[in-house]
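Going down the list, the protein sequences come from chains A and B.
Take the first sequence: its letter number 348 is residue 348 in the numbering used here, and every next letter is one higher.
Take the second sequence: its letter number 263 is residue 1263 in the numbering used here, and every next letter is one higher.
There's no promise every hint is true.
Here are some, though not all, of the chain B residues that point toward chain A, as calculated from beta-carbon distances under 10 Å [said to hold, decoys possible]:
1. Arg1025
2. Ser1058
3. Lys1074
4. Ile1086
5. Pro1087
6. Arg1096
7. Tyr1278
8. Pro1288
9. Gly1297
So these bits of chain A aren't anywhere near chain B, every CB distance computed over 12 Å [claimed, not checked]:
10. Asp4
11. Pro89
12. Arg273
13. Phe274
14. Asp275
15. Val316
16. Gln324
17. Glu328
18. Asp372
19. Ala378
Since the hints were made in silico from the structure, they are not lab data.
If you're wondering where the values come from, they're calculated on a predicted model, not measured in any experiment.
Glycine residues also receive a C-beta, built at the ideal position from the N, C-alpha and C atoms.
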Amino acid sequence: MKTDPKGVLTGSHYLDGDFACGEGAMAAGCRFVAGYPITPSTEVVERIANRFPLVGGTFIQMEDELASMAAVVGASWTGTKSMTVTSGPGFSLMMENIGLAAMMETPCVVVDVQRAGPSTGLPTMVGQGDVMQARWGSHGDYELIAMSPQSPQESFDLMIDAFNLSEEYRVPVIILMDECVGHMTEKVVIPPADEIEVTPRRLTEVAPDDFLPYQINGQLVPEFARAGDGYRFHTTGLTHDERGYPGMSVEAQDANVSRLVDKIRVNAGDIVRFDEADTEGADVVVVTYGITARVSRAAIDIARGEGVDVGSVRLVVVWPFPEQRIRELAASVKGFVVPEINLGQLVLEVERCVAGQAVVRSVPHSGGAVHDPQTIAAAIVEVAR
Amino acid sequence: MTVEARPDYAETVEHPMTPFLRMDRIPHVWCPGCGIGTVVRCFASALEKSGIDLDKVSVVSGIGCAGRTAGYLKLDGFHTAHGRAIPFATGLKLGRPELTVTVLSGDGDLVGIGGNHFIHAARRNLDLLVVLINNFTYGMTGGQNGPTTPLSARSSTMPFGNFETPFNLPHLAASSGAPYVARWTSLHVRRLTWSIEEALERKGFRFIEVVAPCPVLYLRLNKLGDGVQRMRYYHDEAEIRNGADPGDAAIDFQGKILCGVFVDEERPTYQELMDEHYGNVLGDDYVPMPLEGGMLGGG
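Pulled out of the complex, with its shape left as it was, chain B reads as follows (with noise of 0.2 Å):
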């Protein structure tokens, strides 16, 4: 028997994200049974069904594995300093105000050194859309403990196992303020999709919060195997819920992970409320920052 030699695939056929990612830094840097790439892929998949101007679209990261994916998606992209891409965020929405403007992170950056910019973005409800790429730890630096390693999981820092609580996002960012809150796995490639999409088309601080695989710290520490063994556990311990009270959705190690929209309410946006209550006051006095932003000479 002959076996035709197959189409050299990668010459003929092009990705279909290509025209939304930067090919010419491509390969990336994620470890193989990493789960960022799966979200990069989602949120990409998410704009182009959206059907947004993608040149009103910005995308700002921090620092980690996950703060690279700013780096490789083909949009204005940010990558800022180590917990700050969400009051860098809050610049860009501001002080262009018909932009639209997302930040893809990771849990230690978002929550961890940058959780106090989390709590108060949410609480102001500033119009942002928060993309956290949770892999229960530093990838970066080696796979330290973090804000949302579950207890008794083992980490570089915590040789022993864990002893702190972790947070539980969904319940913290419903807590403090989001209008839309929601959490998947990397898995549920369909599902997050979809749910960044109807998050695009929210306003507001809308938080989806992506439970992802760290297969080369979190997994080979905890001895948990690779990041297909990881799928399968998603698939086994997942359990969608929507409308979940988010005080439900913490995380125990290797326990059941309650995903699904918990939250998906209307709030008055910051901007909204600024010029509601400067209307209110100030009447025609009142001049607001013009759409296309403040840039001297206009737009």
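If we strip away everything but chain A, and leave its shape as in the complex, we get (with noise of 0.2 Å):
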């Protein structure tokens, strides 16, 4: 369906990041927001702030960040297309919400302008040390989505893409922008409400008394009763049968959690998105994500200018990991090149798919800043010969 104009502020834009990740957010429809303010990300809910009420949105300041994403998942129930923003501190926090929005099968956004860490770190410089936890930062078994925005356009696009993914295969998605894309200003484009396509809330048809929360008939992805319509179901934390009951059985929980899984490992293929760039062949692959793939940009014409045959693959959408892709350039390039403003996270997953096939070299910052292209660029010469 089209979206609600609304939200839609059309037209071209000089912002960034944070605001048009707001503005995005809004052009997908999000009608509640809550969140507890962290630098670098505060500016993403003053956006909203500012606008909700013009919009029909709600935004509540929260008191602290479990809370505000445990109401995220409580305004999901209701249908209302809901997020909350936050950075490394308050996305540890939100953890504990992110697996019970994962068990209940709830769709959301979780927005994470990543700054340095550990802990407290370096508030307002960048960092991208949140993609493991991202991916892992709740308890369990889960699957859900992250993508990362390089710039403040696809800020807001990806706020789109994340909604429509989030009702879709109806898991939180998560937005690992970080510090640089959230405070870089540029021109952003928002187009007309009628050019936005949105994917509405899967709501079942089957009448109350038939219809049982979590049964899937053949799908992966189970359909949606909201509060107050009249279904009088129920969700739970626990794993739970077809019911919504708790089932504190190892079929239960192999049945629940397997399911979880499988939705994005079976989609994989339609979920996982990234820009890759002149690796035919290439003797060396960068694989970058966020402001580091710009930076990269940089390093590639250095190494280029050497003579080096270098290739690129950006990853827009981080998690599902492009395994198979990564797979297949391994076994035709020499090695790959993972630069990423953390100590060597991503290149683990780069590291895994490759599987010995070729080099895979991590080119580690602690965080505060961007690399300096010319430390990439050393590292791709270096893979090359």
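Using the hints, put the two standalone chains together into the complex.
This is the structure in structure tokens:
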């Protein structure tokens, strides 16, 4: 369906990534945001607090990030598209209710504008150290989707996709932004509302008496009943059966958790998204995401100047990871270079997929700044030789 | 003398609360003598008497023995994360303002791990009915010390007696701004039912504490007898004083239990304040969240 035009600020704007993200959420139809202030993400909710009263949305500043995430899960059960926004320390607190959202299969979006950690770290300075936390941060087995924008324009665009994917698969979708993109101001073009396609809540048409909240009928994603429509359903963070009732058995656990994982793993081919360039015949492929993708362009130019044939894969969707494509590329290249503003996180995933077929070189950075392109270029040249 | 066989009531008589319960989940998990079932019964009776549209009622619980209540009531029921029932309920209420959103959970859940949410929800006067079942302990995990365990009472983590000062919950709620504050015990079934019914008619953050026995842990660890003996204690030591100062409602070990409706005031709710304020500041530009919620494509 087309989105509600009320939330769409059609036109060309000069916005930073945080503001663009807030506009993207509103354009996607988000009408409930709960958040707690934290640098460098606060501008997202400030933008929303400014605009929500004009578009029929409710923003509430909660007492902490535990409450913010819990409120988002609750609000989503009314069918209202819901999200929260935070940075590293708050993201850590949200893990509890991200797990609840995964277990209850609640569509929602969590924006994490990454700063350098651990702990309070460098509050105002960039990092990309939450990549593995986004994937594994809550306990137990579950799958979700994470996307990483490289520009304010993409911060807007990916919010639409994030909400749509969260509705389609009934999972939390994480936006792994970073401080640089969040605070970078560029041109952002917001299209007319009738060009914005949004995925509505997948409401069931089964009558309340016949409805089971987690019955899947051969699909991997169950249909949804929202609070207040007469379904009188039950849902729980406990392992549950298709009625939503607790089921304390090995069999119930296997059925429940396997499906939470399968609905993303089986559909990973439809979800993974990356920009691939110049990989044909390349000796070296640079795998990047977020702001580091832009820094790497300068490094690629330098390495080409030194005669190296370099290609690139920029992850738009970080999780699920494009395992298959990395495996294919590994068969034909000398090596991969993986620069990240952390001490080597996503590189582990690249190594896992490459499985010894090629060299994998991490280009770590502890955080607080982006890489010097020369450092990345040097790694590319070294791997090529 | 011949004794006539008694009719099989289980087959011939339906429990009057059946329409409000998920009978396919009975028997429940609660121990003999536990007070939680009584509270569920009172809650369901109050809903019935209120005549409220049950399709629009949500019940939210956290974790623990009392956290299981949402699983037995035949309403839209949410069994959420430990301590997070109130913020989860906040999302439900703000996401679809026409809902009647209730929270049923325990003392450890709502004022231990969830204490911060409790005071802020009361401060904001969010439109939630919160029924807190206080058994003075963490029952589900085995009788550990809680934020309400009376001084000197034994618990599995205070085996030599509790030396921490417990919360006085009506005082906490009232001083945080709750416009309706009451306390009953699970012996006061009629008064509790009536109080829940009254609270359903009010708006804002309505708080009802129900003191209830945990025979298997709190009573056993303190050698206080069984659930029936606990009813005797409630009978002897509960003092009903409506309008009493909640500051006087602290509970000492085996001491007096002050009961009654302590606060019953009218105060604008979070949503009323929001609507009024934005209406004043933004005039016709203000677009409030539709009562049926903000779901794309409407309700």
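Going through the hints against the structure:
1. Arg1025: Since the shortest Cβ distance to chain A is 6 Å, the answer is holds.
2. Ser1058: holds, 5 Å
3. Lys1074: Given a least distance of 5 Å, the restraint on Lys1074 (chain B) holds.
4. Ile1086: holds, 8 Å
5. Pro1087: holds, 4 Å
6. Arg1096: Cβ of Arg1096 (chain B) sits 4 Å from chain A, so the hint holds.
7. Tyr1278: Since the shortest Cβ distance to chain A is 5 Å, the answer is holds.
8. Pro1288: holds, 7 Å
9. Gly1297: holds, 5 Å
10. Asp4: violated, 6 Å
11. Pro89: Holds, because the least Cβ-Cβ distance between Pro89 (chain A) and chain B comes to about 16 Å, which exceeds 12 Å.
12. Arg273: holds, 23 Å
13. Phe274: Holds: least Cβ distance 29 Å, greater than 12 Å.
14. Asp275: Its Cβ never comes within 12 Å of chain B, the nearest being 29 Å, so this holds.
15. Val316: About 24 Å separates Val316 (chain A) from the closest Cβ of chain B, which puts it past 12 Å; holds.
16. Gln324: Given that every Cβ of chain B is farther than 12 Å from that of Gln324 (chain A), nearest at about 34 Å, it holds.
17. Glu328: Holds, since 38 Å exceeds 12 Å.
18. Asp372: holds, 43 Å
19. Ala378: Given a closest Cβ separation of 47 Å, the condition holds.
Hint violations for this structure: number 10 only, all remaining hints satisfied.
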